[in-house]
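> In order, the protein sequence lines correspond to chains A and B.
With numbering that gives the first Met the number 0 applied, the first sequence covers 0 to 224.
With numbering that gives the first Met the number 0 applied, the second sequence covers 0 to 488.
Simulated from the structure, these hints should not be mistaken for lab results.
Warning: the hint list may mix true and false statements.
[To be verified] Here are the simulated EDC-like cross-link-like pairs (lysine to aspartate or glutamate), alpha carbons at most 20 Å apart as the crow flies:
no. : chain 1 : residue 1 : chain 2 : residue 2
1   : B       : Lys273    : A       : Glu112
2   : B       : Lys417    : A       : Asp31
3   : A       : Lys55     : B       : Asp406
4   : A       : Lys150    : B       : Glu58
5   : B       : Lys131    : B       : Glu58
6   : A       : Lys122    : A       : Glu106
7   : A       : Lys55     : A       : Glu40
8   : B       : Lys273    : B       : Glu307
9   : B       : Lys273    : A       : Glu139
10  : B       : Lys338    : B       : Asp401
11  : B       : Lys92     : B       : Glu148
12  : A       : Lys150    : A       : Glu190
13  : A       : Lys122    : A       : Glu139
14  : A       : Lys21     : A       : Glu112
15  : A       : Lys55     : B       : Asp401
16  : A       : Lys21     : B       : Glu276
17  : B       : Lys92     : B       : Glu58
18  : A       : Lys21     : B       : Glu269
19  : B       : Lys131    : B       : Glu63
20  : B       : Lys417    : A       : Glu139
21  : A       : Lys21     : A       : Asp179
22  : A       : Lys55     : B       : Glu63
23  : B       : Lys417    : B       : Glu439
24  : A       : Lys55     : B       : Asp372
25  : A       : Lys150    : A       : Glu166
26  : B       : Lys273    : A       : Glu105
27  : B       : Lys273    : A       : Asp31
28  : A       : Lys21     : B       : Glu279
29  : B       : Lys417    : A       : Asp57
30  : B       : Lys417    : B       : Asp372
31  : B       : Lys273    : B       : Glu285
32  : A       : Lys220    : A       : Asp179
Note that the structure is predicted; figures quoted are calculated from it, not measured.
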Amino acid sequence: MKVLLVEDSARLQMSVGRALRKAGYAVDVIGDGEEGLWQAESNNYDVIVLDIMLPKLDGLSLLQRLRQKGRETHVLLLTARDTVEDRVQGLQRGADDYLVKPFALEELLARVEALCRRAYGSKQTRLVIADLEIDTVAKEVFRASRPIRLKPREYLLLEYLARRAGEVVTREEIEAHLYDDSVDPMSNVVESAVCSLRKKINAPNPSPLIHTRHGLGYVLKAEPE
Amino acid sequence: MRTIRRQLTWKLLLAFALPLVFGGIAVFLSTRAALLEQFDTTLRTKALAIVAVTRQKGERVNVEVTDSLMRESDEEDAPGFFQMWRADGTTLKRSASAPPSGLPSVFGTPDRPKFWNLTLPSGSAGRAIGFKFAPRMFREEYSSSAPGEIILVVASDRNELNETLTALAFALLGCGVGLLALTVFVVPRLLRRELAPLDALAEQASHINAESLATRFPITSLPGELMPISSRLNDLLARLEQSFERERRFSADLAHELRTPIAELRTLAEVALKWPEAREPTTDRETLAIAVQMQGVVTRLLALLRSEHEQLPIVTKPVHLAPLLESVWRPFADRSAGKQLKITRSVTDEAVIETDPVLFRSILTNLMDNAVDYTPSGGTVRVEIEIGTTQFTLRVTNTCSDLTPQDVSHFSERFWRKDGARSAPDHSGLGLSLVKAFGERLGFQLEARLVDSVTVSVVVTGPISCRVREATETSLPGAEDRVDSPSFS
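Please work from the sequences and hints to get the whole structure.
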C-alpha cells in the first residue's frame with residue numbers, strides 16, 4: 000500500500016514517515032501544499048495523510064482541488080485544529096477521516112489501515128483465498144493452517160494481490176502501490192518480490208496461488224493454471 | 000425580595016394616604032370651627048336681642064320678649080333657653096324651656112362673652128353664651144338711679160350642628176377610604192405598566208451568557224431614564240464580547256502552537272519505543288529541540304503576562320544607545336551576512352536615554368530578529384535611533400515581500416503570524432506583542448506601517464527620561480525574576 004504524507008513539520012515527516020514505513024507502507028513525504036497536490040495528482044496513492052496548515056497551499060484547498068479533478072484517493076486530515084467547525088469543514092471538503100494533533104501513533108496506523116481496506120471496497124480484516132488466510136490486523140499469513148513468515152514488503156504484495164484476488168494486477172500497479180519514489184522503475188524488484196513470495200506460500204502446499212499472465216501481470220486465485 | 004416596584008408602591012400609597020388623612024382631618028376641623036363660629040354668632044345675636052329688649056325702670060327690669068324669642072324659648076320643648084340674674088344671683092327672668100334647676104351662671108362681658116357646651120334638659124347637647132351687662136334705662140330714670148348689672152345666659156340645642164359635623168365626618172371618611180382603595184388598585188398597575196421596559200431589560204439581561212455576548216439591548220424604544228443604562232450595558236457587552244473573542248483566539252492559538260511540538264514529541268517517542276532497532280541517533284537532539292521550542296513559547300507567554308499585569312520589575316538607568324545597538328546586533332551579523340542583507344545602523348555616539356536596559360534590549364532584539372528573519376535575501380534592514388529634546392524615536396525598516404496593510408495591523412496581536420501554516424519553529428508570533436507590552440510598560444508607543452508595497456517600518460517612540468508605573472502588589476509566579484533572555488521573538 001502506498002501512502003502520501005503531506006506535512007510541513009520536519010520532525011513529523013521523519014517520525015510519521017518512519018512509522019508508516021515500518022508498518023509496511025510505501026511512503027512519499029512532501030513538505031508543502033503545492034508539491035503535495037502535484038504528487039497526489041501524479042501518483043496512485045491508497046491513502047493521503049494531509050496536514051491542513053501547509054505552506055504555499057493549505058491542506059483543505061489541496062483536498063478541494065484533488066476532488067474537483069475527480070481523484071477519489073482516501074484522505075486522512077492530520078491537524079492541530081480541533082473545533083467541530085474545523086472537522087466539519089474538512090469532511091465537507093472531501094476528507095475521509097480526521098485526526099487531531101497530538102495523536103497516538105497506533106491510532107494513526109489503524110486509521111490508515113482502515114482507509115486502505117476501504118480503498119479496495121472491503122471491511123474484512125481476514126482475507127481467505129482457498130487454503131490461504133491473511134490476518135490484515137495482525138499482519139499474519141497462514142497456508143493450510145501453517146504460518147508463513149513474510150518480509151514486510153512481501154506481506155504487502157500478498158495483501159495487495161489478495162485484495163484484488165481474481166484480477167490481473169500489472170507490474171506498474173504493484174510498483175505504484177508498494178514502492179516509494181526511491182525505487183528505480185527499471186529494476187526488477189517486483190519480479191523478485193513475486194518470486195520470493197510465491198516460494199514461501201507454496202511451501203506448505205505446492206498448489207500454486209499466484210499465477211503469471213505474460214505481458215499483463217499477476218493474478219492471485221485458487222484454480223490451477 | 001426588595002424591589003423598586005414594591006418600594007415605589009408602598010411609598011406612593013403612603014404619599015397618597017398621608018395627605019388624604021391629614022387633609023380630611025383639616026377639612027373636618029376647619030368646617031367644624033366655621034360652623035361653631037356661625038353657631039356662636041347666632042347665639043350672641045340672640046343674646047344681644049334679649050339685651051336690646053331689656054330695660055331698667057327704678058329697681059325693676061323689664062324684658063319685652065318678642066314673638067320670635069317667645070317661639071324659640073318660651074315653650075317647654077323650644078330649642079332655645081335663656082336666664083337672667085341680678086348681680087346678687089336672684090333670677091330675673093328665664094325662658095319656659097329652661098331647666099328647673101336653672102342654667103349655670105357663667106359669664107364674660109358683652110365684648111368677650113363666655114361660650115361653653117352643656118347638656119340640655121332634654122339630654123341633648125347644647126351650647127351656651129353668658130355675659131354680664133347693664134340694661135338700658137328708661138329716659139326719665141337716667142338721673143334718678145344707676146343701672147344695675149344683669150347676667151344673661153342664652154343656650155341653644157346644637158344637635159343640628161352635631162349631625163352636620165357627623166355627616167361631614169362620614170363623607171370625608173368615605174371619600175378617603177374610596178380614594179385609598181382606588182390608589183391601592185391603580186398604583187401597582189400603573190407602576191407595572193410604566194416599569195415594564197425595566198422588566199424587559201432585566202429579562203433580556205438574565206438570558207445573556209458567554210455564548211450570547213453578541214446580544215444588544217434596544218435603546219431608541221426605551222424611556223429616557225433607561226437609555227443611558229442600556230447604552231452603557233451595550234458598551235460593556237461589546238467590550239466583553241471582544242475580550243471573550245480575544246481570549247478564545249488566544250487559547251486556540253496557544254493550543255495550536257503547542258499541539259504540533261507535542262505531536263512531534265509523542266510520535267518520536269512512540270516510534271522509538273515501537274521500533275527500538277530503528278531509533279535514529281538524531282532522536283534525542285530533536286527531542287531537546289522540541290523541548291527548547293516549547294520552553295520558548297512558555298517563557299515568552301509568561302513575560303508577556305507579567306508585563307501586561309505590570310509585574311515586571313523596572314530598574315531605570317542611563318542607557319548608552321550606540322554600544323547597546325552594537326551589542327544587540329552582533330548575534331545577527333552572521334545570519335544577516337548569510338542572507339546578503341544590506342544593513343544600515345544610525346545612532347549618534349552620545350545618544351543616551353533613561354530607561355530599563357533589560358527591557359529596552361529585549362525590544363531592540365525582537366525588532367532586529369524579526370527584521371533579519373523576515374527580510375528576503377538581498378533585502379535591506381535599516382535601524383535608526385533619533386534623539387529629540389524630550390522624545391526618542393527607534394525605527395526599524397526592512398524590505399518585505401508580501402505584506403498588506405491588513406497584515407501590518409495585526410503585527411502586535413498575540414500569536415499572529417503571516418504564515419498561516421505557522422511552520423517556522425523559531426517564531427511563535429509573540430515577538431511584537433512583547434515589544435508592545437514592554438514598550439507600554441516603559442511608557443513607549445509602538446507603530447507599524449507599510450512604507451510602500453515592499454517596505455515595512457516599526458517605530459517605537461518614548462520619553463528620553465523614563466517614567467514607569469509601580470508594579471502591582473500581586474504577582475505571577477516568578478514575577479520577581481528579571482527578564483534576562485535577550486530575545487522573545
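> So, for every hint listed, does it hold in this structure?
Structure-based check of all given hints:
| no. | hint | verdict |
| --- | --- | --- |
| 1 | B/Lys273 / A/Glu112 | holds, 17 Å |
| 2 | B/Lys417 / A/Asp31 | holds, 16 Å |
| 3 | A/Lys55 / B/Asp406 | holds, 17 Å |
| 4 | A/Lys150 / B/Glu58 | violated, 167 Å |
| 5 | B/Lys131 / B/Glu58 | holds, 17 Å |
| 6 | A/Lys122 / A/Glu106 | holds, 17 Å |
| 7 | A/Lys55 / A/Glu40 | holds, 17 Å |
| 8 | B/Lys273 / B/Glu307 | violated, 45 Å |
| 9 | B/Lys273 / A/Glu139 | holds, 18 Å |
| 10 | B/Lys338 / B/Asp401 | holds, 18 Å |
| 11 | B/Lys92 / B/Glu148 | holds, 14 Å |
| 12 | A/Lys150 / A/Glu190 | holds, 15 Å |
| 13 | A/Lys122 / A/Glu139 | holds, 17 Å |
| 14 | A/Lys21 / A/Glu112 | holds, 13 Å |
| 15 | A/Lys55 / B/Asp401 | holds, 13 Å |
| 16 | A/Lys21 / B/Glu276 | holds, 11 Å |
| 17 | B/Lys92 / B/Glu58 | holds, 14 Å |
| 18 | A/Lys21 / B/Glu269 | holds, 12 Å |
| 19 | B/Lys131 / B/Glu63 | holds, 18 Å |
| 20 | B/Lys417 / A/Glu139 | violated, 49 Å |
| 21 | A/Lys21 / A/Asp179 | holds, 13 Å |
| 22 | A/Lys55 / B/Glu63 | violated, 136 Å |
| 23 | B/Lys417 / B/Glu439 | violated, 24 Å |
| 24 | A/Lys55 / B/Asp372 | holds, 18 Å |
| 25 | A/Lys150 / A/Glu166 | violated, 23 Å |
| 26 | B/Lys273 / A/Glu105 | holds, 10 Å |
| 27 | B/Lys273 / A/Asp31 | violated, 28 Å |
| 28 | A/Lys21 / B/Glu279 | holds, 13 Å |
| 29 | B/Lys417 / A/Asp57 | holds, 13 Å |
| 30 | B/Lys417 / B/Asp372 | holds, 13 Å |
| 31 | B/Lys273 / B/Glu285 | holds, 18 Å |
| 32 | A/Lys220 / A/Asp179 | violated, 27 Å |
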